[in-house]
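Participant: Line order of the protein sequences matches chains A and B. Heads up: the first sequence begins at 1 in this note's numbering, then just goes up one per residue. Heads up: the second sequence begins at 1 in this note's numbering, then just goes up one per residue.
Calculated directly from the structure, the hints in this document are not laboratory data. Bear in mind that the values here come from a model prediction, so they are computed numbers and not experimental data. You may find that some hints are simply not true.
Unchecked claim - Derived coverage of chain B by chain A (criterion: at least 3 residues anywhere in the stretch with Cβ under 8 angstroms from a Cβ of chain A; other residues may be distant): (1) 108-115; (2) 123-130; (3) 267-280; (4) 320-332.
Stated by the list, open to error - Computed from the model, here is a short list of chain B residues facing chain A with C-beta under 10 angstroms: (5) L61; (6) F134; (7) N136; (8) N137; (9) I195; (10) R198; (11) M262; (12) E316.
By construction, the Cβ of each residue, glycine as well, lies at the ideal position given by its N, Cα and C atoms.
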Amino acid sequence: MDIFLQQIINGLVQGSIYALVALGYTMVYGIMGLINFAHGEVVMIGTLVTITVAGSLIKAGMPVALAGLAGVSASVLVCMALGWGLERIAYRPLRNAPRLTPLITAIGMSIVLQNLAMMIWGRNYLTFPPLLPKMDFEFAGANFTAIQVIIVLVSAATMGGLLLLVYRTKLGMAMRATAQNPAVASLMGVNINRVIAAAFVIGSALGALAGVMVGGYYEIAHYQMGFMLGLKAFTAAVLGGIGNLGGAMLGGILLGIIEALGAGYIGDLTGGFLGSHYQDIFAFIVLIVVLMFKPSGLFGEKTGDRA
Amino acid sequence: MSKWLNPRSAFGIALIAVALLGLPFVAAMGGQAWVRILDFAILYVFLALGLNIVVGFAGLLDLGYIAFYAVGAYTWALLASPHFGLHLPIWVILPIGAGLACFAGVLLGSPTLKLRGDYLAIVTLGFGEIVRIFMNNLNAPVNITNGPQGITLIDPVAFGDFRFSGTSQLFGLSVSGPIKYYYLLVALAILVIVINLRLQHSRIGRAWQAIREDEIAAKAVGINTRNIKLLAFAMGASFGGIAGGVFAAMQGFVSPESFSLMESIMILAMVVLGGMGHIPGVILGAVLLSILPEVLRYGVGPAQMALFGKMLVDPESLRMLVFGLALVLVMRFKPAGLWPSPERKRELQEAGQ
Numbered sequence: 001m002d003i004f005l006q007q008i009i010n011g012l013v014q015g016s017i018y019a020l021v022a023l024g025y026t027m028v029y030g031i032m033g034l035i036n037f038a039h040g041e042v043v044m045i046g047t048l049v050t051i052t053v054a055g056s057l058i059k060a061g062m063p064v065a066l067a068g069l070a071g072v073s074a075s076v077l078v079c080m081a082l083g084w085g086l087e088r089i090a091y092r093p094l095r096n097a098p099r100l101t102p103l104i105t106a107i108g109m110s111i112v113l114q115n116l117a118m119m120i121w122g123r124n125y126l127t128f129p130p131l132l133p134k135m136d137f138e139f140a141g142a143n144f145t146a147i148q149v150i151i152v153l154v155s156a157a158t159m160g161g162l163l164l165l166v167y168r169t170k171l172g173m174a175m176r177a178t179a180q181n182p183a184v185a186s187l188m189g190v191n192i193n194r195v196i197a198a199a200f201v202i203g204s205a206l207g208a209l210a211g212v213m214v215g216g217y218y219e220i221a222h223y224q225m226g227f228m229l230g231l232k233a234f235t236a237a238v239l240g241g242i243g244n245l246g247g248a249m250l251g252g253i254l255l256g257i258i259e260a261l262g263a264g265y266i267g268d269l270t271g272g273f274l275g276s277h278y279q280d281i282f283a284f285i286v287l288i289v290v291l292m293f294k295p296s297g298l299f300g301e302k303t304g305d306r307a
Numbered sequence: 001m002s003k004w005l006n007p008r009s010a011f012g013i014a015l016i017a018v019a020l021l022g023l024p025f026v027a028a029m030g031g032q033a034w035v036r037i038l039d040f041a042i043l044y045v046f047l048a049l050g051l052n053i054v055v056g057f058a059g060l061l062d063l064g065y066i067a068f069y070a071v072g073a074y075t076w077a078l079l080a081s082p083h084f085g086l087h088l089p090i091w092v093i094l095p096i097g098a099g100l101a102c103f104a105g106v107l108l109g110s111p112t113l114k115l116r117g118d119y120l121a122i123v124t125l126g127f128g129e130i131v132r133i134f135m136n137n138l139n140a141p142v143n144i145t146n147g148p149q150g151i152t153l154i155d156p157v158a159f160g161d162f163r164f165s166g167t168s169q170l171f172g173l174s175v176s177g178p179i180k181y182y183y184l185l186v187a188l189a190i191l192v193i194v195i196n197l198r199l200q201h202s203r204i205g206r207a208w209q210a211i212r213e214d215e216i217a218a219k220a221v222g223i224n225t226r227n228i229k230l231l232a233f234a235m236g237a238s239f240g241g242i243a244g245g246v247f248a249a250m251q252g253f254v255s256p257e258s259f260s261l262m263e264s265i266m267i268l269a270m271v272v273l274g275g276m277g278h279i280p281g282v283i284l285g286a287v288l289l290s291i292l293p294e295v296l297r298y299g300v301g302p303a304q305m306a307l308f309g310k311m312l313v314d315p316e317s318l319r320m321l322v323f324g325l326a327l328v329l330v331m332r333f334k335p336a337g338l339w340p341s342p343e344r345k346r347e348l349q350e351a352g353q
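Based on the sequences and whatever the hints tell you, model everything.
Facilitator: Now the structure itself:
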């Protein structure tokens, strides 16, 4: 039983990170119908910027808390600029192009960002500076650390903030209008270009936060880390029903928990035939099974076939 | 088909044939490495045309195409290597490989083809990852795929006593292994081009096109959309399987690393960048995208030395950076691909006005 609880906690932490990244995918998809394949790289750059800024500030003698704050702010700002730039360079010129064209530019940008990061930060694994004191808690036989608590709390707060933004502000209303019908929204005076840029910028800021969390959680980072993370997060977004904010959050947390439980129990379930290194396939198997029965994801709207 | 008979196109075809025949010997002057690059370019033409059936003709976005290639490659590797001590002939392995890949395509396609657009894309992507992860891990408790180390010493393609590896004397010329594979691959590529051309305007091809343009309307005029889509999937998968087999034999080595998601994406990029659904465009895309990184590999380092006198940045990452930028720029200025079909170009122009 304690393994069960432990894996639920681990899954919740991992799932919160997936959820934050998934929101970036789903916001862009909801508004433009585009898979932003470069989003995982944005997350990766968020982690690496934090490492550089916070690491060098700590080395310069700045208090850890302050250096950490500076690192996080720097990474959020860099990623927001990056998201804005991505939209301007790779997606805006192609808004009326065939559907698969922006997919290829997204892949191109992903390759560019990954190699740029390799040039700047090198090929090796980097260690994430210890920004938080190491503290362990125990609850009903399961252990968890301060960083795990903070990841879950910060993600929850961020997602709450995003929901407020989308459902209670004018920009949010404009975003929802654009998602429903861009042409009509623009007739109502919504500046579509601004709304789309905002979706990219906000999504990238969430990605940066997720990047900081991943770095703090695993304590290492690498220029290729964005790819698999992005893939899982995108899977989470589709699982929840892509384009749906709540779906992305729940999909992310669900995926994290399924993976953790799967990794914890697969050995016992298959009599030791399959081990925990099969962890990565759960995400995809669950996805395929869910989509077989609910073709637009768990919480996705049923869109009728249009002729 | 009568236009094929006019003398000008006959002359054109003869010219292309001569160029194709002579090309490997020209490339060999720059070293066997260039012949191998050519081999891979043609292998990618084969793969891209296979994927073109799924993506270009039927309009189904498949991001896991490499899985079928992997199935074909591992089939060859397991049936013709010391790993299990089996050395079956090509006549047995290739049909098995194509058949298994086809089966995998149907297995994946039958439950998921009702999904639309990007949902299908992510499911195929997931399937590709599942296949790769299994190949990476099926070395314990029973060693089937030998895990991340891969399988080595795979038999080359051989027809009877004639082996495609190593140098042999033919017609007074000494012909190296890569050159022999080149001709084999060209023959296969021509086969798949002919199949593509014949399919395109067949009853099935027109059904695919109808589905691509409007699935509901296609269903309404009596097309069995499910079966026709499944057929596209199965055919694309079989071609992937055959290409995989040849790949394994040519390399003599397979490992899960060759079948990453990035490979699927590359093949898709070839199809889209060249001009989706347009056979000459897809061939152009495949040749360009497979040769460009190699040209950059040889060009980027020396160019840096010439410009700055020293290596400023890692040439490996610089070449991929340039490659990524090239993808973005081509799509930015040629949204329909480098060589789209005339009809598609017209449609886009009309839509743009």
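Participant: So, for every hint listed, does it hold in this structure?
Facilitator: Going through the hints against the structure:
no., hint, result
1, 108-115, "holds (count 4)"
2, 123-130, "holds (count 6)"
3, 267-280, "holds (count 5)"
4, 320-332, "holds (count 10)"
5, L61, "holds, 7 angstroms"
6, F134, "holds, 8 angstroms"
7, N136, "holds, 8 angstroms"
8, N137, "holds, 5 angstroms"
9, I195, "violated, 23 angstroms"
10, R198, "violated, 25 angstroms"
11, M262, "holds, 8 angstroms"
12, E316, "holds, 8 angstroms"
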